[in-house]
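So the chains spell out like this:
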Amino acid sequence: MMHTHLLDRYREAQSVIHRLDPRVKVVVTLLFIVSTALLPDGAWFAFALSFILALSCSFLARLGVTFALRRSFVVLPFALAAITAIIAVPGRPLFMWQIGGTTIIGTDAGVVRFLSILARSWLSVQMAIVLTATTNVPDLLHALRHLRVPEVLVAIVGFMLRYLSVLADEAARLLRAREARSALLANRRGGGSPGWRARVAGYMAGQLFLRSYERSDRVYNAMLARGFAGRFLAINPHLMREHDWWALAVTVVALTVVQLAGQGFPPG
Amino acid sequence: MHPDTIATNLRASPTPEPLSLVADDVHFAYPDGHVALRGVTLRVARGEKVALVGPNGAGKSTFMLQLNGILEGRGRIEIAGLPVTKRTLPQVRARVGLVFQNPDDQLFSPTVFEDVAFGPLHMGLPADEVRARVDRALDLVSMAAYHDRQPFHLSMGEKKRIAIATVLAMMPEILVLDEPSAGLDPRARRGLIHLLRSLPLTMLVSTHDLAMVRELFDRMVIMDEGRIVADGQTDALLADRALLDAHGLEAP
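Each protein sequence line maps, in turn, to chains A and B.
Under the working numbering, the first residue of the first sequence is numbered -11, with each subsequent residue one higher.
Under the working numbering, the first residue of the second sequence is numbered 491, with each subsequent residue one higher.
The set of hints was computed from the structure by calculation and includes no laboratory data.
Do not rely on the hints blindly, as some may be mistaken.
Said to hold, decoys possible - Just so you have them, the derived chain B footprint on chain A, three or more residues with Cβ under 8 angstroms:
hint: 1; segment: 90 to 101
hint: 2; segment: 125 to 132
hint: 3; segment: 195 to 207
hint: 4; segment: 214 to 223
Said to hold, decoys possible - Output of the computed footprint for chain A on chain B, the stretches with three or more beta carbons under 8 angstroms from beta carbons of chain A:
hint: 5; segment: 608 to 616
hint: 6; segment: 635 to 646
hint: 7; segment: 652 to 660
hint: 8; segment: 710 to 723
Just so we're clear, the structure is a prediction, and the values are computed from it rather than from any experiment.
Backbone N, C-alpha and C fix where the C-beta goes; we use that ideal spot for every residue, glycine too.
With the sequences and hints as input, model every part of the structure.
Quick look at the structure:
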């Protein structure tokens, strides 16, 4: 039996952050991400403040200061897509490339834009990592449902999180079965042509799709068998307590300060 | 029989023995033309535990899916006197506790609690009653400690028990299990047998596990090629080598 815990990002611990109402955590994370996105290019001081905010959340959650930092590097490849900003934003030319007949000019404003995009995505992901590390999946789904996210979307996220590990196990079994029969004879070239190998991989992907499709049928039948009639129902177990309100208030104040710093107030 | 005895019996039971399940001449073909059921007739009395055996492709699972109208064929099915029709489906589904073979198909919610609460919630019960039923159902399958667990952390045997709890919480008239002992290690299988014996419910259980059938079920029904080919005392049927051979079964 295989166990793939692909999405098990949750870190069991007792901390102030773990005990917060999941709705508060979702709202705080969203506010933080919106605030970070609103900061203008080159607002380094405000970015630094946001970073301190994210770090203190990590710290309060007892995740260790570097936990979210280390994991947040996953955004780098995506953020690199913004590298074209360097040559796309008009400004003082910093350097120049001749490629064929065209000249490419990198500008100072472009570099600032690129670094700011990098900082924004990196900060946002750090906060999201703290959220998923301190809130388990069921609580996260409840929070989304109570925040009036459409039922269908919550259900899709829920099913995805529930069945992704099942799907990953199935994929792992397919890969293992292929490996078990990928034998070679001594002194003989094997492995087949790249085209043939590609076709095998294609069949495997198709298999995986068909199996998931059939499973979705069976899951739906299981839901029907227990009276599902198109609406997802749940019992509401969440209650806002005093420290939840405090956490929300502190965040709003902190983010306001960040925005004031970033947008250049007080003027001077 | 003495006329007086007959009269007494009539007075004592004015209606015939209550039946949990009546199926009359049920036919079904899949959309691709494959004929899965060719006239299945079966009666199960209240409280009876019946094993449904036969080779793969005999139509056992197809028949079970007819019982709460997930598949609709020709013929008549009644659950505790209520005919299965489009109109009665919601009530029928509250009466038939169908447990699927693969618990990963059955346990689709983020937590054990939510999964067991799914049926009662959809029956429109108040929250307190739902919670009470979840607790009782998890107690019955000895899984009370698993209330807040997430299904993908559980072992196969634990998943099976919780899958059974998900329908016990609906307090069904009849429990319908599709290959409950498949994929279980000996200890989990033993636990399951104890559980099924202890549940005071009408049961229809499809299985390849004839050792379990001999241990647990007095009555056994053999299906093959969409028909019921034998229905009787388990011991008598298991002793009939020719019959078992003809339908690809082996006495345990």
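Taking 8 angstroms as the C-beta cutoff, is the stated coverage of the segment 195 to 207 of chain A by chain B satisfied by three or more residues?
Coverage by chain B holds here, the residue count being 3 at a Cβ distance below 8 angstroms.
Just to make sure I understand the rule, a stretch counts as covered if three or more of its residues have a C-beta closer than 8 angstroms to a C-beta of the chain. Does the segment 125 to 132 of chain A meet that for chain B?
holds (count 3)
Taking beta carbons only, do three or more residues of the segment 214 to 223 of chain A come closer than 8 angstroms to chain B?
holds (count 7)
Verdict on chain A covering the segment 710 to 723 of chain B, where coverage means 3 or more residues with a C-beta closer than 8 angstroms
violated (count 0)
Coverage assertion for the segment 90 to 101 of chain A with respect to chain B, Cβ distance below 8 angstroms, three residues required:
violated (count 0)
Do at least three Cβ atoms from the segment 635 to 646 of chain B come closer than 8 angstroms to Cβ atoms of chain A?
Holds: 5 residues of the segment 635 to 646 of chain B have a Cβ under 8 angstroms from chain A.
For the segment 652 to 660 of chain B, do at least 3 residues have a Cβ located nearer than 8 angstroms to some Cβ of chain A?
Three-residue rule met by the segment 652 to 660 of chain B, so holds; n is 3.
Examine the segment 608 to 616 of chain B: at least three residues should have C-beta closer than 8 angstroms to a C-beta of chain A.
holds (count 5)
Going down the numbered hints, you'll see the structure goes against 1 and 8, while the others check out.
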